[in-house]
Structure formats: C-alpha cells, structure tokens
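Enquirer: The primary structure of each chain is shown beneath.
Number of protein chains: 2
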Amino acid sequence: MPVNGVLSNSISANDRGLLYGDGVFRTMRLSQGKIQHWPRHYQKLQQDCAAMLLDCPGSNMLTAELGQLVSGHENGVVKIIITRGQGGRGYALPANQASSRILSLMPPPDSPEYFRTKGIKVHVCNMRLAHQPRLAGIKHLNRLENVLAAAEWNNADVAEGILLDIEGNVIEGTRSNLFMISNGELITPDLSRCGVAGIQRERVMEWAAIHSMSCKVEQLSLAKLLEADELFFVNSVIGLWPVHEMLSRIWANSPVAKQIQKWLELEVA
Amino acid sequence: MPVNGVLSNSISANDRGLLYGDGVFRTMRLSQGKIQHWPRHYQKLQQDCAAMLLDCPGSNMLTAELGQLVSGHENGVVKIIITRGQGGRGYALPANQASSRILSLMPPPDSPEYFRTKGIKVHVCNMRLAHQPRLAGIKHLNRLENVLAAAEWNNADVAEGILLDIEGNVIEGTRSNLFMISNGELITPDLSRCGVAGIQRERVMEWAAIHSMSCKVEQLSLAKLLEADELFFVNSVIGLWPVHEMLSRIWANSPVAKQIQKWLELEVA
Chain A
1 MPVNGVLSNS
11 ISANDRGLLY
21 GDGVFRTMRL
31 SQGKIQHWPR
41 HYQKLQQDCA
51 AMLLDCPGSN
61 MLTAELGQLV
71 SGHENGVVKI
81 IITRGQGGRG
91 YALPANQASS
101 RILSLMPPPD
111 SPEYFRTKGI
121 KVHVCNMRLA
131 HQPRLAGIKH
141 LNRLENVLAA
151 AEWNNADVAE
161 GILLDIEGNV
171 IEGTRSNLFM
181 ISNGELITPD
191 LSRCGVAGIQ
201 RERVMEWAAI
211 HSMSCKVEQL
221 SLAKLLEADE
231 LFFVNSVIGL
241 WPVHEMLSRI
251 WANSPVAKQI
261 QKWLELEVA
Chain B
1 MPVNGVLSNS
11 ISANDRGLLY
21 GDGVFRTMRL
31 SQGKIQHWPR
41 HYQKLQQDCA
51 AMLLDCPGSN
61 MLTAELGQLV
71 SGHENGVVKI
81 IITRGQGGRG
91 YALPANQASS
101 RILSLMPPPD
111 SPEYFRTKGI
121 KVHVCNMRLA
131 HQPRLAGIKH
141 LNRLENVLAA
151 AEWNNADVAE
161 GILLDIEGNV
171 IEGTRSNLFM
181 ISNGELITPD
191 LSRCGVAGIQ
201 RERVMEWAAI
211 HSMSCKVEQL
221 SLAKLLEADE
231 LFFVNSVIGL
241 WPVHEMLSRI
251 WANSPVAKQI
261 QKWLELEVA
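Residue numbers (this note's numbering), protein chains in the order written: chain A, 1 to 269; chain B, 1 to 269.
So that you can see chain A by itself, here it is in the shape it has in the complex:
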C-alpha cells in the first residue's frame, strides 16, 4: 500500500493517527476497474478534514495515487486514511501540519448473495453512542464505539448491528446508515449528535428526490423501527441490504428497498 506516496506497509509509530486517532478515512468500492463515486468521496474527505482542522491532500495527487493503486485490478475495496501526521506537543496541533495518507486495496467483500436479496438478520447493540455534536457525521478514526459494538455478536448469520444513542434513539448500523420505509415515506435518523453520514445515505436521499418520495430526517425509536414496512442498511462497500429479521420481527419482502438497491448499483458514476 502507498503511504505518503511510497510503497510501504508501515507508518511512523509517532503518527497522530495512532497516538490519538487523529484522522479521517473513506472506504470505497472498486468495480470494473473504477473507484465508485470517488469525486463524492473526495468532497466528504475535504469536509471531514475541514471539520477536524486537518489539511486535506489535493485532489490531483490523491487521484493519481489511487490510479496507481488500483491499476490492473478490477474489483475490490479501497481505503484512504488521512491523519494529522507527526508533531505537536502532546494533544496540541503541530505548528506545521503535514498530513499522512495511507491508501490500501483489499479484496471485494465475500458476503452471501442472500444478504442482498432476502435480507439480513440484525443484532440490536447494547453499546450506546455518545452525543458529540462536534464530531457527529465525521468519518474519523476514533471508532472504539463501533469496535465494542461489533464485539457483541459473532454468529455468522447476523450481518449487522444496530446502534442506538444514549437516549435510546436509533442512529445507524455499526458500519452503515439506516433507512426505514413507512406509509410510502423514507425516514432516516438524525445524525447531528452522533453517527457517520455516509455518501450512500446522500444517494438514497437523491433517489427519493428523483422519485418524488418524501424522505425525512428525524429522531427514531426502536419501537417505530419495528413497525416499519421496510428497513434497510446502506454503505459504499455492501451497497444496500434489506433487513429480514430484527428482534423476532420478520420482513418477508422489501419491494421499495429493492428498487433503491437496483438504482444504487446502476448509478455508479
């Protein structure tokens, strides 16, 4: 993997990404030799870096390095990590920031096809997300909540965990965003106090706008979720997974989710 433009499998043990989780990342799908939605991911990277007072590497440089990384590969998962690099006295920001960039290419996910078609079984996590408006929405490297949440189950038939916040509001999946459909309307949780706002969440909102379907962002309870007509998770690696089972409730069909899934998979510009 290229680390700051040089082939390497390691980073400095003084990198603030390690010391403090002081950085951001993106995970993207490589499909037919093309990184899906790279311009949109780069825009999010810029926004997240800005929110963290972090220098974002230039688009041309990153695009060129990504091109080299995926050259000769058709499918896979591409990850970019941007950290604040080295320096600074303790937590204080370095006087001259020099971000580190770590690019890596991994094999495509090997999830069973029925996760896409029939849908998945979901665990409701005991781990609750803290409210931190200053970091909400950002895909940063402080991911202990996700790690501890994912440690709650290891039966292979549970494909995702659902995260509530400390007040009991439903927020997201451990690695995905969440939507419900109720009475012909899409609803997705408010992420202004916690959670990560992924680009597939934005794309579902675009689908809704194009198809004149209402899409609300609001506080959601678990009880309301259980009454949903359909429920689904999205992220850039998995695409869209309908929920088949959660807390003994079964969703036999997910007709609208399937339409959205098809659109997400086709519209990969």
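Incorrect hints may have been included.
Simulated restraints on C-beta separations [as the list claims (entries may be wrong)]:
#, chain 1, residue 1, chain 2, residue 2, range
1, B, 47, A, 218, 35 to 41 angstroms
2, A, 218, B, 43, 45 to 51 angstroms
3, B, 111, A, 33, 52 to 58 angstroms
A short, non-exhaustive set of chain B residues, derived as facing chain A with CB atoms under 8 angstroms [claimed, not checked]:
#, residue
4, 9
5, 17
6, 58
7, 59
8, 131
A short list of chain B residues far from chain A (calculated; beta carbon distances all over 12 angstroms) [said to hold, decoys possible]:
#, residue
9, 74
10, 128
11, 190
12, 197
13, 251
14, 267
Bear in mind the hints are in silico, worked out from the structure with no lab data behind them. Glycine is no exception: its CB is placed at the ideal position from the N, C-alpha and C atoms.
Use these hints to put chain B onto chain A, whose structure you have.
Expert: Below, chain B alone, put in the same frame as chain A:
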C-alpha cells in the same frame, strides 16, 4: 523505540491502533533512572485492557522491555501504547488477538518552574466531553476530543485547558485530573460518564486519606470551581500544578496544593 520487542520507529499500517484508535496507553515519568509508579501504571493498564476486551501483555515482559528502554537514562517521559494489533473483519475483533506494544522514551518536560510554584493560567474549553459510560475513565487511543480542545488556544502562558461535559459539569484538564479545595475539603469531578482517571488522582485521594482530609467525588459546576479556595491539576508527567488564574479569577496562594505537591514528588515508590 521498541515495537513488539524489536527496535523500530514504525508500526504496521494495518494496526487497529491506527485504523480505529483500538488501544490504550500510559504516560509515565522517568526520574533518577526509575519509572515512577510503574506497578500502579501496570495495574491501570490491565484494568483498561480488560474493559476494552484487549489482551494485556504480561508484567514481566513489559517490565523487562521498559528496563532496556530506559537503561542509561536518568530522566524523561516513558509512554506505553497497547493496541489490539492486526486482524478482524472490519470492526469485529480478531479471532486470535495479538496485541501490539509500542514503548517510547521522550525528553523530560520543559515547563517553566513557575507553573509548579506560582501556578498556571487556565483556558476554559468550548469543546465539551460526550457522555460514554462504557469508555469513561479509560486511557484509550480515541482522543479527538482532547486534540480539538487543545487546538482552542496557543498562547504559551496558558498551560492547560479545562474540559466540561455536554451538560456543563467540570470534568478534567485536557491532559490532567482536577481537584478543588473548599472549606478544608477536597473535591474532584465524577468520571463515571467521561474523562480519564489517572493514577495521580488516586494518589491525591490517598494523600487525603492519610491526612484525614475529606475527599469527595461529585458533579462540579464552573461556578462552584470559581468559588474554590484552591484549584489544581495533576498528572504523572507534570506532577501538580496549582491554578493561578481562570476566567479573571486569581488564586494568589495554594498552601494545601503545595503540601500535596511536595508529598506527590517525594512519595514516588
């Protein structure tokens, strides 16, 4: 610095410490060739690892590696980072965890002597700490709140920032624990929902017990703090710094804090 027992300045770019901040750390003072309070730090390391479902390296091995690290050095700052190493599918824990350990020795702090004697000027941070009981007290690698708080000031005469939580309770310094003295009583903030419980905080409580002084752990408001007879910060690197100035309030003398400071500096077993 030794990384997993081998001299190196780098770690794997796949280490979960970098990917997720999935690890814990300790910062300790080397003084007269001896790491102060190592057994106590090791005990905290074990507790923090246990709380994070993380394998803690054995005491004998770490003690031996630390001995090699500081051999021939008299004074400095020693840092230990323990991460969950590599592996796992995304956030999920690796089936076979192999922790990484990164030990480093840095020069002693060069803070002006008057921080210890006259006391320090304090910034009240706008950054508020989130409530996350599952991680509260643990010295883990998810430290973005501290980084963003420390970014709020850069005038050299401000030595520490004070952190409140999202409800406005006073919690700690950006890299230290906080005590106030009021009517002959010590009070330190409750850290059950956020903050890091350092070993110098425990030691101040021990001082109080030995000297038959009451020491309460409770919720503290900024208003109450401003009415304190004395105010001080402690950590393993700085020792004890009295507060001289905060929000235009001046504390001219800190007689009890000075007694505690002397005791902390002498009792370094």
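Enquirer: Give a verdict on every hint.
Expert: Hint by hint, here is what the structure shows:
no. : hint                              : verdict
1   : B:47 to A:218: 35 to 41 angstroms : 40 angstroms, holds
2   : A:218 to B:43: 45 to 51 angstroms : 46 angstroms, holds
3   : B:111 to A:33: 52 to 58 angstroms : 55 angstroms, holds
4   : 9                                 : 6 angstroms, holds
5   : 17                                : 5 angstroms, holds
6   : 58                                : 21 angstroms, violated
7   : 59                                : 22 angstroms, violated
8   : 131                               : 6 angstroms, holds
9   : 74                                : 22 angstroms, holds
10  : 128                               : 7 angstroms, violated
11  : 190                               : 16 angstroms, holds
12  : 197                               : 17 angstroms, holds
13  : 251                               : 24 angstroms, holds
14  : 267                               : 25 angstroms, holds
Against the hints set out earlier in the document, violations occur for numbers 6, 7, 10.
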